[in-house]
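Build out the structure end to end from the sequences listed, making use of the hints.
Per our numbering, the sequence shown runs over residues 3 to 124.
Accuracy of the hints is not assured; some may be wrong.
Claimed, not checked - Derived lysine-lysine pairs resembling DSS-like cross-links, with alpha carbons at most 30 Å apart:
(1) Lys78 - Lys96
(2) Lys69 - Lys85
(3) Lys96 - Lys85
(4) Lys75 - Lys85
Claimed, not checked - Computed beta-carbon distance windows for the label pairs:
(5) Ile94 - Ile73: 27 to 33 Å
(6) Ser74 - Asn111: 52 to 58 Å
(7) Ile15 - Leu76: 35 to 41 Å
(8) Ile15 - Leu63: 24 to 30 Å
These aren't lab readings, by the way, just hints derived from the structure by calculation.
All of these numbers come straight from a predicted model, not from anything done at the bench.
Idealized CB from N, CA, C, for every residue including glycine.
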Amino acid sequence: MKNQLKLVIVLMIVVIISLFAIINNANVPINFIFTTVELPLIIILVLALLIGGLLSYLLSLTNMIQKNKEISKLKKAVNDAQKDYQIAIEEIAKLEDTLDKLEQEQATNVNNEQQIPNQSME
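Pasting the structure below:
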C-alpha cells in the first residue's frame, strides 16, 4: 500500500512537470558574460532547481559534518563516563569487602575482650 501511494505521487508529479514543460516550451535567451544561449524555459527552470538543490545540499553538508563530530565527541564522553562508573563500582565492591572484614575483626576482638574478663573472674 505504501509503495502504491509513492507510485501515485511520483506519477502525479511527472504529469504536472510534463504539463508545465508543454506549456512553457518557448525559447528564452540567457545572457552570459561572453555569449548568449537560447534554451527552452523548462530546461532553465529545471537547471535552476537542480543548482539550488545542490547548493542547499552542500550548505547543509557542513552542518551535518559538524553534528557528526559532536555526536562522536559525545559518544566518547559517554564511553569514558561508563568506564569511570565501572571503576567506581569495582572500588565500591572492594571497599565493602574491606568493611566486612574490618567488622568481622572488630566482632572477633569484642568477643575476645569479653572472654578475657570472664576468665579472670573465674
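Among the hints numbered above, which are violated by the structure, and what are their numbers in rising order?
Result: no hint breaks.
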